[in-house]
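**Q** Here are the chains, one letter per residue:
Protein chains: 2
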Amino acid sequence: MSNQRMLLTVGAVTMVAGVIIGAIIGHFATSSTSATLPNKNSLTSQESEELELMSQLRRDRWQEGGKEMTRRINDMVSTDNLRDNLKELTRRPHLAGTARDDELAEMVRDRFTEAGFDTADLVPYRVLLSRPNATNPNLISLNSGQNVEWESHYKEKELHQDDYDEDFVHAFNAYSPAGTVTTTPGEGVIYVNYARVEDYEELDKMGVNISGHIVICRYGKIYRGNKIQNSERWGATGVIIFSDPKDVAVEGQTPQEIYPNTWWLPGSGMQRGTTYMGDGDPLTPGWPSTENAYRISKEEADLPKIPCQPIGYDDAKVILEKLEGPAAPSDWIGGIENVAYTLGPEWKPEYSTWTLTLSTHNTENIYRSYNVIGTIKGEVEPDRYIILGNHRDAWGYGASDPSSGTAQMLESARVFGELMKEGWRPRRTIVFCNWGAEEYGLLGSQEWVEEHTNKLQARGVAYVNVDTCASGPIFRGRSSPILWDILEEMTKVVPGTKGQDNLSLHDEWSAYTKWKSGVDSIPLATLGAGSDHAPFAFFAGVPSMDYAFKVDSHKWNISTYPAYHTGYETFYMVDKHIDPGFKIHQGCSRLALHILRYLADSSMLPYSIEQMPKTMAKALKDLKIEGIDSKLINIYDKYVLLEEAVDNFTVEAINFEKSLQDISPNISPVTLRAINDQMMQLEQIFIMPSGLPGRPMTRHAVFAPSQFDTYAAAAFPGISDLLYLIDELSGKDLTKRQNEIRRHISDLTIMTQNARKLLKEMHII
Amino acid sequence: MSNQRMLLTVGAVTMVAGVIIGAIIGHFATSSTSATLPNKNSLTSQESEELELMSQLRRDRWQEGGKEMTRRINDMVSTDNLRDNLKELTRRPHLAGTARDDELAEMVRDRFTEAGFDTADLVPYRVLLSRPNATNPNLISLNSGQNVEWESHYKEKELHQDDYDEDFVHAFNAYSPAGTVTTTPGEGVIYVNYARVEDYEELDKMGVNISGHIVICRYGKIYRGNKIQNSERWGATGVIIFSDPKDVAVEGQTPQEIYPNTWWLPGSGMQRGTTYMGDGDPLTPGWPSTENAYRISKEEADLPKIPCQPIGYDDAKVILEKLEGPAAPSDWIGGIENVAYTLGPEWKPEYSTWTLTLSTHNTENIYRSYNVIGTIKGEVEPDRYIILGNHRDAWGYGASDPSSGTAQMLESARVFGELMKEGWRPRRTIVFCNWGAEEYGLLGSQEWVEEHTNKLQARGVAYVNVDTCASGPIFRGRSSPILWDILEEMTKVVPGTKGQDNLSLHDEWSAYTKWKSGVDSIPLATLGAGSDHAPFAFFAGVPSMDYAFKVDSHKWNISTYPAYHTGYETFYMVDKHIDPGFKIHQGCSRLALHILRYLADSSMLPYSIEQMPKTMAKALKDLKIEGIDSKLINIYDKYVLLEEAVDNFTVEAINFEKSLQDISPNISPVTLRAINDQMMQLEQIFIMPSGLPGRPMTRHAVFAPSQFDTYAAAAFPGISDLLYLIDELSGKDLTKRQNEIRRHISDLTIMTQNARKLLKEMHII
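Each protein sequence line maps, in turn, to chains A and B.
For our numbering, add 38 to where a residue sits in the first sequence, where the first one is 1.
For our numbering, add 38 to where a residue sits in the second sequence, where the first one is 1.
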């Protein structure tokens, strides 16, 4: 029944699309399709049917108009397929650029082909990757003066059949240089908590001098790259990072309380990860690392200068329990049993002759890494792109990160394939991107965006990122403001993942938000960095979205799931503890399918234009609340003109949205396209061609993360970057910084005025 | 008859346009037009009629399809109106930002309004302008030690009633700083010919040391800003620039041989002009100088550091005849009678105690300058812009520069107005731009482009510049390659200006080209800088065109018309000597109208895609001929990949053009728009967001002038810039430069590959 109805409704689309596409640049169309060119009348009646069908899909009419198609899609997404996909993807480790990574790339391509995609290609880039030495592992050792008394571990203990593979990469931090550093006899390391700026400032206050010492810090709170950067800035010679039980084994450290019996991390689990502060291949900053592209030398690349190595909490205990020195602030005390968390660097008396040596042997070389790009050609507007992205490479088995997302992508491709077999075709082109080498610093996606910036700026309607789909039960979504309403809308047509079928995903999301923050409506969340949406949102200015099911950070007060980037992130872990029954994976896939189809099929783009100025206004209000606005007004009294410009932009956006409601369903297709173009250009207004002050690769002036915590979202990042540590400046430096602030506020004001003008009229400039 | 036919053919356009526009964003349309929304069938039949009509206007069918409209336009352009326009525009001097300049701005706006334009606005910017001191004129004086023996003139002698006005600005060079420099006793100035790099290198060879001396040079060959820049680089303390008879009074210097009896320049004629090397307001480099925009300080601005003053050849004679020193190379010898053109700096014995003092009193202040922007709203695609530009400000009466172009613009506006009264409406929006403060460095156009870059990049179809329409009898056109065929095509439907009505303008153009260069076909000429097309072509990447009727440089071997920027550039000069009968003005206006309408009305954009790669290939061939390619291959062997990429781009472009011929007239309007978009995006591929190496304001990587002669056109300017003086580099500097060259060639290769991909397919990236 629903089948029949669906065929009926999409039939018209298909026919008209068939003929329209036939006309597209003759020599690309197959002779058969060009042969089917009808006379203009039949074309027209079909076209208007199509327009009517599509207009039903416009935001406000979605619920009723799209119901059948929605139900059909929800029915088609299979938990069994998702489980099989994940099992195959996680069978062996698939580090970027390895043979297994290439095998999986081919598998993904073949799945796209089987689904009936119009194109499915392996797109190679040659990028700089860092790896440990397979025969000479990175080690931390303790030496009593006579003998080496202890050495750290470089692989996890085998605790379940799923977590042993000889190819599993040894513990390391990518791009951390090879090097050996040793403490001075009698001295150990200094404990610096999370190695945040505020932690180091606290140590300064306490009179602890970091310079010349090796530091040890906990994972968590901020990106590990920032931890190294901060440690370098304070003069550390090396960094040891450990996973603290307080963050990874909250319920206890006995075998019954950890993996494989629970999802909590055992003491030998080590979080791998990159320490690169940039995005994309370090040797081609700003341009694509194609086969023959020019490359800078490794020495010129912006990579960390001091060695760094991750360890588990069992090994951390061996080091920390021997330390003396001042007591750490109470909130610095972690969860390792029988460890006092003193700061060091002194050893306890019995180790007074001991030294600690950190020795890394990582090497960097250029490897080929594949993106897999598959497309479903849009029949009415092939030159408009709705993009779904997820990376493929993992530090190990990557059961959550990223394979839960990849499992979803493969199933979503299959479902679109089924719909196409039944006659459906999207109005716009849908692009599936399976990225390579994301873990090293978004290499695959960044290089691809750098190669295709023009097309993405002119043709990119939206980018949807689903990286780690399933690492916990809690749905979390973030997006460019103009996509936010779409995200919320679509969670309403996805059944909940907690087994109560009468609840929608949106119901579950709201309920959790209410419990967590006590608010009734879900607050709009803008994007941080940390996954492949970053180059789309912050460099190319394509409206983007990123969603996932994550740990209950509110309940556990932890920032990520325990097994993150360790040897215990296994299929067993996901199948047994994180998503038994694969309802979360199912929700991920259903949501992706609905969002893509809504954006691809709506004749008028369902953007929420108003959300952009409203989010800007809220950000300015926050600056007021924090008293930052008066600080800015002192520097540049014309700051008030920015507030005024945002208000005018808001009014214009509201009028624009109203005007869209009045549009006749018989609107000329060219006018419709022109209106869609007008909306697509809005995000581009805020892209600064040369980037934010001092940040050529971050070009979005309003919605991008600040430079000093790349994980966290921020609005007006240029302002926070320029205010950073300004109080420490004086004289010429201060004047220079103040002028940069004046210039930037002036730029923001002009951009905002232009955004308003863009919405005001089409025929004047 | 032709009237009736025209009404018939444009009738359809009008009706359909009327209804389509009615639908454009409801609240902008007047209630009356929205009320006329028809049912979809009538809309459709009209729309297809319109499409059929438009498809007749496609390049290959222009001659037959557009004949009636063409004839009608040719008939309507009136020489009397053009003469009246010029007379009014030149009645008084109208320096940028003066009261008279504002009066004329209002007049232009009112003419647009009277013509029935949809919008006509004064658009102000606040820009830094330089002016001489009205009561304390700039002077060059000779002092014998006892007395001031001589002072230079600062205004032209009155020779005709047209050439006296108390408001006429004194002789000066804009942005040349206030300052007084004096030669050491016994020493005069050094004669440096045209002050080109090659002239100074010649002087170096001759062992002449410039440092610490005032130099005197001739106008001509290169932009005066480059003359100052070169002189600064060689250490000159001041610059005197004179107009040499060999360039401005070729047929003799007796009263019968010069103005007012001929068009040749009298000895008191002084060429004013700017010395600014940048484009746009010096205080807002890269962003629009709106009322409240942030501004850098005058000290931070990139302005000349040494004083500079222009003089006539009578005054130059007084100085040069007293000089001794080595003889100048024979080709440095100009046309001043009884002057030996020795280099100096020594005086002849009888002046051994004398000194020369150059004293300037220019000041820079911020003034308001108006652009006048008028639009005729396109009825099918209001968001596509065809732009006609011409500046309004002049150093004096500006009879040729720019008022001959402004006279043309006013008449062209009137003619479009007449056509609209008869029912015609363009498919796309036509924008008339009357720029302010062009003479100071393209201030009005550059600021406007900086404010509207996004819209121009997304919506700009073409920019047509008609600055100095009539300064001589010889037609000269230059354009972005993809517009070249349009320029040639349209000159074929414009009657010749030499009175033989059986000849077209194209016939005259070809004949002159054949006589000058002996070639049968007119070689494609790309754009140099020097007028308002520069920001469109080189910053925003809008395909641009610049044409004019100029002096017969081949016959006279001079680079510009004699009265250029002097007090003798009067209405009388143009009416009597340059364009008696105003046939040249008429040709200018007819050509502008045909080009604008062809671009505005053709349903498919009549770009010549092939011309772009072919012009690139020719440029690479020239590098080969000059042996530069081997030099580049030595630095970067992957240079050959650029040649390969250009070849592949050429093949793709030819296939693309072929495919356009196969397109059915019943093509879907959305597909048609998509194909036009695809063509529009081609130029954008070559825009480098941060500009060419070291040139943030010049962003076109292929068709832009080189940094070291801003008047001359060049292809691959980044390459010539980076090779400039590379042989003088060594060690680290050389390596750095070589790496910049490698990087740039790599960038060019990637851009060219992307250009090919853009033409290849729409639905994949």
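It should be emphasised that the hints constitute simulated quantities derived from the structure, not laboratory data.
One thing to keep in mind: the hints can contain errors.
Chain copies aren't distinguished; within one or between two, either way the pair holds.
[Unchecked claim] No farther apart than 30 Å at their CA atoms in a straight line, the calculated lysine-lysine pairs in the BS3-like style are these:
# : residue 1 : residue 2
1 : 343       : 774
2 : 770       : 284
3 : 614       : 659
4 : 336       : 676
5 : 336       : 770
6 : 355       : 774
7 : 459       : 554
8 : 588       : 530
**Q** Could you tell me which of the numbered hints above are not met by this structure, giving the numbers in increasing order?
**A** Failing hints, ascending: 2, 3, 6 and 7.
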